[in-house]
Amino acid sequence: MEFLPFSRPDVDEATIQSVAEVLRSGWLTTGPKCAELEAKLSAFCGGRPARVVTSATAGLEYALHMIGIQPGDEVITPAMSFVATANVIARVGAKPVFVDVDLDTRNIDLAAAERAITPRTRALMPVHFAGHPVDMDALYALAKKHGLRVIEDAAHAIGSRWQGRNLGALGDIVVFSFHPNKNMTTIEGGAVIADDAAELRILELHRWHGLERFPDGSAEVVLPGGKSNLTDVAAAVGLGQLARLESFNARRRELVARYFATLGSESALRLPARGTSDHSWHIFAPLLPLPQLKIGRGEFIAQMKARGIGVAVHYPAIHVFQYYRGLGYHDGQFPNAERIGRETVSLPLFPRMRDDDVDRVCLAVTAILEEQRR
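The end of the sequence shown is residue 383 by this note's numbering, with every number in the run present.
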């Protein structure tokens, strides 16, 4: 039986042909395709300006520079996310201040975030986990109350909506990921959505060496920038993907609905929050009932692999990694994030999956849990 991975990108022949056309054009790096992708992402986000970069990680770091985060500043972020969310805060010299998350949505606990605010707090960096939108009304009310900027880590959430509007069409600064396992891909890449022209100029400088060029051919370095410009080859892939994003996300919702229906409310798994039809479902990540099992998560993953099914982990809690322990964080501080980190598994979910693939996964999960129950 064919191996079923937990994720697989869906690139059609028209997109492959568009890449071939770019390769034949002789213009491979940042050029007209990147400009076209930025324009179409802007339209997708209600007309707000978009800038593409080589990863959401770069986008998040540049967003911190855009709002002037300095060494010693504090940025509040959830303890449950991919480690990049916190790493970029540390990389600019600021302090990541972790708070716990809701056990089922995996989204930041905004009440805990408010308790964590100090005179040094400059920004909130929530994550729309798995594509489930954070409560945007509550988030921006909190930011306004305390005079804080917001950088939305929307790496999981391209195509999710809040009250009928695409994420990115509202709010402060929003960062998307186009990694191959995301809902759309540019192979590697990401995008930053923001309104302020001066702040976007800071991003543009950071993604291209800090160079400012002048009409007479001269140039000046105005800050020590990096290099995170997207290529036209990648942008051609992104254009094909963006055109199909709505259908991709619709299929993800259908597959997730089948997971919920097949596993049922009596499942030994703790299923994630269902959300609404506005949820783009980047991943489907239930929690294993490990206290009830004779095996650990690693053995569960191995047994699924033996049945020809790939399973991933999204994610370990950030604050228990070595680097963050070195900053003073420790076990027991954020119990929901830690439980999720111990028990979470991401089951296969991608648009090309068939309904019977979901059934196969559910049968395998149920069989293993029954066989390994204490």
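Note that these hints are calculated values from the structure, not bench results.
Small disclaimer: the values here were computed from a predicted structure and weren't measured.
Backbone N, C-alpha and C define an ideal beta-carbon position, used for all residues, glycine too.
Just to be clear, a hint being listed does not mean it is correct.
[To be verified] Quick list of the computed label-pair ranges, beta carbon to beta carbon:
| # | residue 1 | residue 2 | range |
| --- | --- | --- | --- |
| 1 | Ala376 | Arg174 | 40 to 50 angstroms |
| 2 | Arg382 | Ala206 | 54 to 64 angstroms |
| 3 | Arg383 | His218 | 18 to 28 angstroms |
| 4 | Met10 | Arg382 | 18 to 28 angstroms |
| 5 | Glu380 | Gly81 | 48 to 58 angstroms |
| 6 | Glu30 | Ala259 | 41 to 51 angstroms |
[What the hints assert, rightly or not] Keeping only pairs whose Cα atoms sit at most 25 angstroms apart, straight-line, the calculated DSS-like set for lysine-lysine is:
| # | residue 1 | residue 2 |
| --- | --- | --- |
| 7 | Lys236 | Lys303 |
| 8 | Lys303 | Lys314 |
| 9 | Lys49 | Lys104 |
| 10 | Lys236 | Lys49 |
Each hint tested on the structure:
1. Checking the proposed 40 to 50 angstroms range against Ala376 and Arg174 shows it holds: the Cβ atoms sit about 42 angstroms from each other.
2. In this structure the hint that Arg382 and Ala206 lie 54 to 64 angstroms apart at CB holds, the actual value being about 59 angstroms.
3. Our hint of 18 to 28 angstroms for Arg383 and His218 is violated, since their Cβ atoms are close to 58 angstroms apart.
4. In this structure the hint that Met10 and Arg382 lie 18 to 28 angstroms apart at CB holds, the actual value being about 25 angstroms.
5. Taking 48 to 58 angstroms as the suggested C-beta distance range, the pair Glu380 and Gly81 conforms, at roughly 53 angstroms.
6. Between Glu30 and Ala259 the C-beta distance comes to about 28 angstroms, which lies outside the given range of 41 to 51 angstroms.
7. Under the criterion of a C-alpha separation no larger than 25 angstroms, the hint pairing Lys236 with Lys303 is inconsistent with the structure, at around 49 angstroms.
8. Taken as a hint, the Lys303 and Lys314 pair is honoured in the structure, with Cα atoms around 18 angstroms apart against an allowance of 25 angstroms.
9. Of the pairs offered as hints, the one joining Lys49 and Lys104 is violated, with about 35 angstroms between alpha carbons and a cut-off of 25 angstroms exceeded.
10. Restraint check: the Cα-Cα separation between Lys236 and Lys49 comes to about 23 angstroms, which is no more than 25 angstroms; the hinted pair holds.
Hint check: violations occur at hints 3, 6, 7, 9; the rest are consistent with the structure.
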